[in-house]
Structures are given as structure tokens and as C-alpha cells.
Amino acid sequence: MKKILKLSLIAIAVIGMNVNAGTFEKVKKEGVLHCGMSTGFAGFAEMGDDKVWKGFDIDMCRAVAAAVLGDANKLNNHSLTSKERFIALQTGEIDMLARSTTWTYSRDTSLGLNFAGVNYYDGQGFLVAKSLGVKDARELDGATFCLQTGNTTELNLADYFLQHNMEYKSVSYDTDAQVIAGFKAGRCDAITTDQSGLYSKLTVLDKSKYIVLPNIISKEPLGPVVRQGDDRWFNIVKWSLNAMITAEELGITSKNAADLAKNSNNPEIQRLLGVNGNLGEMLGLDAKWAYNIITQVGNYSESFEKHLGVNTPLDIKRGINALWTNGGILYSPPFR
Amino acid sequence: MAIYEIEQSQKSPTNTKGPIKWVLDNLVATPTHVIFSFLILGLLYITIPPFITWAIIDANFIGTTKASCTGDGACWVFIIHKMDFFIYGFYPESEIYRINWVFGLSIIFLLLFKYTGKTFKAKIALFSLFPIIAYFLITGGSFGLVEVPTDKWGGLMLTLIISSIGIVVAMPVGIILAFGRQSKLPIIKSFSIVYIEFVRGVPLITILFMGSVILPMFFPEGMTFDKLLRVLIVVTLFQAAYVAEVIRGGLQAIPKGQYEAADSEGLSYWQKMLIIILPQVIKVSIPNLVGNAIGLFKDTTLVLIIGLFDLLTMVGLTSIDSHWTGFATEGYVFVGFIFLIFCSGLSRYSKVLEDRLNTENR
Amino acid sequence: MFTNLYINIEARGIKTGFSFLNERAGFDISESPIAYNANSSFLDSFIVGIANTLYVSIFGIVFSTILGVIIGIARLSKIFLVSKLASTYIEVFRNTPLLLQILFWYNVVLVALPNPKQSIQLGADMILNNRGFSVPRPIMEEGFSFVIIAFFASIALVVYLSKVAKRKFEKTGVNTFLLPWNILILFSIPLLVYVIAGNPLSFDDPVLQGFNYKGGMTYTPEFLALAFSLSIYTATFTAEAVRSGIEAVDIGQKEASSDLGLSAYQSLKLVILPQAIRIALPPIISQCLNVVKNSSLAAAVGYPELVTIFSGTALNQTGQAIEIILMTMSVYLCISLIISLVLNYVNKKLEIKGR
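Chains as they are written, first to last, in our numbering: chain X, 12 to 347; chain L, 2 to 363; chain H, -6 to 348.
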């Protein structure tokens, strides 16, 4: 046993020894993207009976893997607790983090990290039982809340109740599973977390008995995170996300991408799919990088509808996450 | 000459054996016996039959979906359906045979180990061969086996991996620490004492946090350790402190004469310790060592808190599957039962060992 | 290694140092023996964490010791069912992980309890529901301090009386039976002062208001599950210590005491237990340390003790893992140091003198 440990120690030390190499070179060399994600969160990162992680966050990882390695499946998923997520990124255990992480000022400035964009505009809300007869969050004076510790949730909740001069009690669990278990057992009157999280929880609760209140008490822009100081990698992740958004805008889907690459006359489509111009080269990627993302993962809309949309158990409407042309705020800088 | 009267022959005493005698002696010997016995029978009456009704009579065993669970009893269908998760975690379906091989091999090796007799070298060879084979089978990536990264490991398999590596590797480390504590060199001695007392003074969970959150900060940039490996390292270091304390107790139990005899034979320090003292120490320490091993086995459940998917974490994870909600109780009972079997099996084995060693000493 | 640490921190612009302790924490803690709200500092949350750790540990220690002694004695009972039940208890609760027990009791019992509007009333003003166990909170008004003083005075009197009685026993061999007198003193004097001071104690009863009961004292389900599991788990180890303590008492002692005509109860109390304690006490004290350490498993059910609040919430908010985990560890180290000092003291006291 000791020998094995020693051997594997050496092996891992050797693998990990490419000191100071950029993240891009490291990922290329290893041929696999180490992506940090949650320990299970319906719609965003969930494990089905086929034992493969799927979800909206996972698709962000898959997009980057497709762009850099040409294969969305060359992915190593690291399940991280909220405590570990930033440290895992800071120390290089993972190459990027896609774990429904809120972009805040203090995280951006004091953790040595960069947020590469927003892939989901969220806001904190409340989930209650219909039988409670509550229609608005301001009727929740004196209520007890179940929440998951380690997020901005606790701070927003405290601020909101202080601001409205109301009282509350809270129970902070450390796993999502326990939040649901506690709520179902009646330990609390409401669950509070990002609305996406509430919809994700509704999937395991009886939908006819619970509702999500309309109030949103905070801004929660969720997005992928990378280490500070590696601008090339930062750009790759940022533009992988933008490629998915732009693809939706241009009407490129995983199904018609091959066809459009051959037949489209739209110069922007041609640039994005690598038929024309040298966008890939500028990022140091293959010309087909965005094509790979779109064919293997899909555009933003496809990924959204597949994991979160109205045809999934989560049943989330696009809302402000619709394109800017459709009344939302999703807006990608142009590809030129 | 005295004349004795003929004694009337007496009836043989009744009830020296049999169930009636047993009841008389054990249940109703005195009024206190009667009261206590009835109280407990009452207690058993209100707890046991409902449990059996729930767990067996009203329970559902057959089916494939939640709909198969109709009665008021337990839904064991859930456990059976999720058995893969409980035992192998997320290990790919097509590769599960490798884990079964390891389980099978471990039994074969244990039998071989038992029947190789007293050939020490053969035992050592077996002992080091098994982990190597198991390592290659589980991780893969060579000999044409698909690599299975550690984030796919989980369930009972992960629990067994963490605890067995922790238990085995901690032995030598703990022995070195125990020797260090007796060392005449002040640096080694004080290091050992501080280390042992530090680790024994803090909860395992804070040490696991160190492994998952602080330890990575100490590695040079670009060099990273797998999370499972970090957990294995800290679990081993944690267990080593407890092993050291047990071995220290054992060392104190060895009579001075043994040391002196070894010295007079002209053995070096290491010869003396390894050949003469250590075997005796281990022999007297076996019950406590097994006790510690059981403790570690139970403590591996703490990896739940740092996000590894061990047997206990699986209960939480599987019970929020949208197709199978509401069966956490069954999960907890099932996992509790597995731990009960393993732990009480181990402690019985240790009792047997202890008794055998005791008789040998007499 | 420390250079690596330095480089890792410096190069990435990660914040370090203890200045965060004075910053506003911004999160609430649901149960706290001392005043705390979202405007308090991280240092306050640290102190709340320590207080809650000690609070639940003391419960655990007291109940596990009581239960453990009972089970340990029951284990050796001649009554078959009693000893069998005790050994089954030990077998089951000792061989399942504590974390599993905590989660089990928490989740399974929580489901079984009713919501606040259908609470179970236990006696006057004691309320049990899935928000916890609420009891009236005693409020000490002016003049209650006299009652406390009177109580301590009566304890002093009892101690004095028993010393006098002991001296008398040593001189004359006459045993004065003081127990009824002691009880009378302990109850009557404080009660008398209480009446004279004009009933200086009132109760704040829990009342149903809006979503939940307000007022009174509430033991939350998290606290109850943790304290309960700690007690029944640790009791198995205490019971084994008590059992081996009793078994270690020489069989001759037991025979001698029954020859002297002592009843089973008397021989247990006067002859066997005093000797058994000498052997059982050190392991029982080490169990106290285990209770304190094991209380850290509260993280799984969200009881706000040190690890949950400080190594959990505060760590997540500040991201300063090294400082926070080291502070947490040092608290446990201090507690363990104190307990080992107690243990040494007790060991010295228990040494058989005069040999």
C-alpha cells in the first residue's frame, strides 16, 4: 500500500510538474479539461442513472473542452463544496469553475480570480408551500428559512429583512440534499436561494403544492470563473460563452451548423464557424473551435432548453436570460 | 454402633434444566426481576413489531419504479434499484466487473494469506501484491483498461478504499511516531509528542478541511494533488497519531528484561526494536488496534462534509433523485446495517484474537 | 513548503491576516446564547460558535454519563432481559457511525413531528413541534439574586453538616443519617427567601404567533438531534468503561460484601462502585473530549457550533481558510488541554494512597 502511494505520489507530481505553464498549454498537454462543479444540483449539474454528469453548468465546461481540445467529452469533473471551489481554482487543481457562482465585487477583487462572463442572470427568491397562503415575500415576517451555507444567500437574506424591519430565523445546511430534506420535513416555512435553484428544487418537490414567490431580493449574475493573470485562458473561456450566445443570435444550431458552414453567405456566420477569417488563430485555437462548440454542445438556447427550459422538469422561462433582441439582457460582443 | 435411620429417598429436583427453569432463574427470580422483565417486554412489544411490519411485512421488494412501492412499509425497491450507486458510486457500468474482481481477489488473497502457513516472505509478497493489482484494476489507464478518474469513485467501494489504506499505511507511520516519542533525541521526541497530541486534540473534520482547503496552498504552483489522494494523506496522518498512542501503551507493557536481554545479545537498536520488541508490542496491542480501525472505518463517513461521495453521501444524493424522492429512511437503515455488519464483525474477530493470544500467554 | 504558501498567496493577490475579525459578518445565526445579529463582527461569530460547541457538549457529557452508567450496570445485571437489552444497545449504537446516527435522528424524527399549528402540548406550556421543543423561559426579576445567595448558603450549610457528621463518625462510630435533613435544607431555605423577596421569578411562555411560537426557550431540532445522538453514542463507550471497571473489582470484594449482609444495592453503592470508579473514571473523562470533538459533526445538520459557523459560513464569506481553520483547531486544542489537565489531576487524586 505504501509503495503504491509513493508511486502514485511520484506519478502525480510528475504530471503536475509543468510549473508556470499557461493553463491553455497545460490543458492541451494533458488532453483533458479539469472543470470544477457542484456536488449535485438539478438542471445545472446532475447525475442520472447512466452515471454521467449533465447540466447547464456542465455544458459550459463542455464548450471550453470542445473549443480547446476539439472534443466536449475530454472533461474531468471535480465535485466541489462551496468552501473548496475558489481554493481549487486558485491552486490549479481545476482549470475553470462553472458552479453557479455569483459575480461579486469582493470575489473579483480579493480572491485572485476573474469572472469570464455571465451565463445565467439570477436573483434570490423564495419557495413556499401553497398552503401557507403567502403571496409576497413581505408577508414572511417571523418565518424560518432553510438555506445552503457558503453563498451570498445568507447575506442577502439578512440585508433584506433588516431593510424591511422584519424578523426571521434560518437553518443553514451544508448540502443541497439536506436543504430539501429539511424543508420537506417542515423544519422551515420557506427555502431561499437563487431562483434557478428554487426551480431546481421544485423538480424534486410536489409541484402542485409549492410555489416560487415573485419577489427577487438580489442580483445574482452567475458565470464561469478562471484564475487571475492568465489572460489567454480568460479570453478562451469568455469567448466560448460568447460563441454560444452569438450562435443563438445568428440562428446557428448543432443541427444546421454543418450546413451553414458550407452554404451560408452571412460573413459573421462564416467568421464564427471558421470558414472565413482567422478568429481561431487570434485565440491560438483551431479555426473550427466555435464550430466544435456548436455541433457538440449546441448554442445557448439549445443548452438552456435541454437542461432548464420549459420542456424540462425545471420549467424555467428565458425571462431576462433571453437575447437582447427578444427582450432579455443576454448580449455578446460582436465576432469580428 | 450408631444406628442410622433409613433416609427417605428424595425426589430428584425438578427444573434444573429446560426452558421453565431458565425463565424462573432469568426472568422471574425475584420481584425486581419480574418488574424489569415486564417493563422490557413491554418496551420490546411497542418497538419491535412495528419495525418488523415496516421493514418486512408491509415492505416492497420487487419492482423497478417508485410506483411499485404501494404499502405503508419500507420501499426496498429503491435500495435495490440504486444498489449500483451504493456499492460502486459513479463507476461506469461497463467497468464494474473490475471492482468485483478486486472484491473477489481480496477474499482469495485473505484465504491464501491464512493458509500460507508460517512462511513470512510469502505473506509479505501476498501483502504487497494485492494492493498493486487492486490499484491497477481500479484506476485503469494501463494494460488496456480504460482509465476511471477518481471523481467517478464512490459508495461502499470508496469507503473501503479510504479506510483500508488509512488503516494499513497508518501502521508503519504510527509505529515510527511511537518510537520517536521514546527517542533520546530531543528534536525527534518533541516533534513526535507535539504531532501526536495535536492530531488527537482536534476533530477529524478540521483535519479533513485542512486536506481539502489548506493543503493545496502548500504545493508549488502547477503541482496539484487529486482530492481523494489528499484525503487519503490526511486520513493516514490522522490515524497514525492514534496508532502511535496504542503502540506506546504496548511498549510500556513490555518488561524491561526484554530490552536488557536484547541489549546483552549485542543487537543494534533497530534489530532490537524490530525483531524483539515490536512483535510483542503488536501482539498486546491488537485489541486496541482493531478498535482504532473500527473507529476509522466509521469516521470515513465524514468525507461527506468535504464533498466525496462515500456510502453515506449516496443516501442524500439518491434520495433527491426526482424519480425516487422520500426514501431517505430506507437509505439510512440500509447503510447503518452495512456498517453494523462490518464493525461488529471486526470487533468479534478481535475478541477471538484476543482470547487466543490470552491463552497463549498463560 | 512555506515559500510555496507565500508565493501562492502573494502571486494571486489573496487576502491574508486577521483584520477580517473586526469586519461586519453580515449573516445571522439562528440560535445563540449571547447577543448576536447580522451587524456583529466575525469575531463575535467565532465566540458564538465556541459558546454553542460548549453548550451542546455539556448536554452530551451529562446525559451520556448518566445513560452510560445505567447501561454499564445493566449490562452486568443478573436479569437476562436487562443485560441482553443493554448489550444489544451497545452493539447497535457503537457499531454505526455517529454521523449516520445524527442524520438519521434528525431527518427521520423531524418528519414525524407536527407543524407549529398542530404542536404537541406537553404539560403546561411545553411545546413540541418540527421547529423544536419550546419551554417557558424563566426571567429573573429584582430580588432573585437573594434566592441564589440563599441557595449557595444552604449548600455550604449542607457541606458543613456532613463534615461534622463525618468527624463524629470517625470519633464515635455513630453514623448520622443526614439525607432527609440535607434535602430539607436545600429546598426550604431558598424557598423561604423566594417567598420573602416576593416571588421574583416570572416565566416567558411560548405563544403561537404568525408562523411559529415566539417567546420562551426553544431547543431546535438540530440541537436536539445532535445532543441526543452524542449522548446515546458516547454512552456506549461510557457503559463499556463502567462495565470493565466493575468487572475489575475483585470477586472477593463482592463476596465479602454479601457475607456482611449487605443487599445487592448496598454492596453496589458502598463497595463496588467506589472501587470501580477508580478504574472507570479516566476513560470516561477521555470520552468528554470525544464529545467535544464529535460535536463538530453538527455541520451536517446545521447546528451553529464552531465548525458550522466559523469554519463554514465565516470561511465561505471571507475565503481566509488558513486563519480560520487554525483558529478553530486551536480552540479544540485548548479544550483538549484543559481536559487532560483535569484527567491528570483526577488520576493523581485516585491513586491508591498509603502503599
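The hints are simulated quantities; they were obtained by calculation from the structure and are not laboratory data.
In this text, all values refer to a predicted model and were calculated from it rather than measured experimentally.
Hints should not be assumed to be uniformly reliable.
[Claimed, not checked] Under the rule of at most 25 Å between Cα atoms (straight-line distance), these lysine-lysine pairs were calculated in the DSS-like manner:
| hint | chain 1 | residue 1 | chain 2 | residue 2 |
| --- | --- | --- | --- | --- |
| 1 | L | K115 | X | K62 |
| 2 | X | K65 | L | K352 |
| 3 | X | K85 | L | K153 |
| 4 | H | K77 | H | K207 |
| 5 | X | K40 | L | K67 |
| 6 | L | K352 | H | K77 |
| 7 | H | K207 | X | K180 |
| 8 | X | K180 | H | K110 |
| 9 | X | K218 | L | K67 |
| 10 | H | K77 | X | K141 |
Structure-based check of all given hints:
no. : hint            : in the structure
1   : L:K115 x X:K62  : 38 Å, violated
2   : X:K65 x L:K352  : 48 Å, violated
3   : X:K85 x L:K153  : 14 Å, holds
4   : H:K77 x H:K207  : 44 Å, violated
5   : X:K40 x L:K67   : 46 Å, violated
6   : L:K352 x H:K77  : 18 Å, holds
7   : H:K207 x X:K180 : 11 Å, holds
8   : X:K180 x H:K110 : 17 Å, holds
9   : X:K218 x L:K67  : 17 Å, holds
10  : H:K77 x X:K141  : 49 Å, violated
This entry does not satisfy hints 1, 2, 4, 5, 10, going by the numbered hints stated previously.
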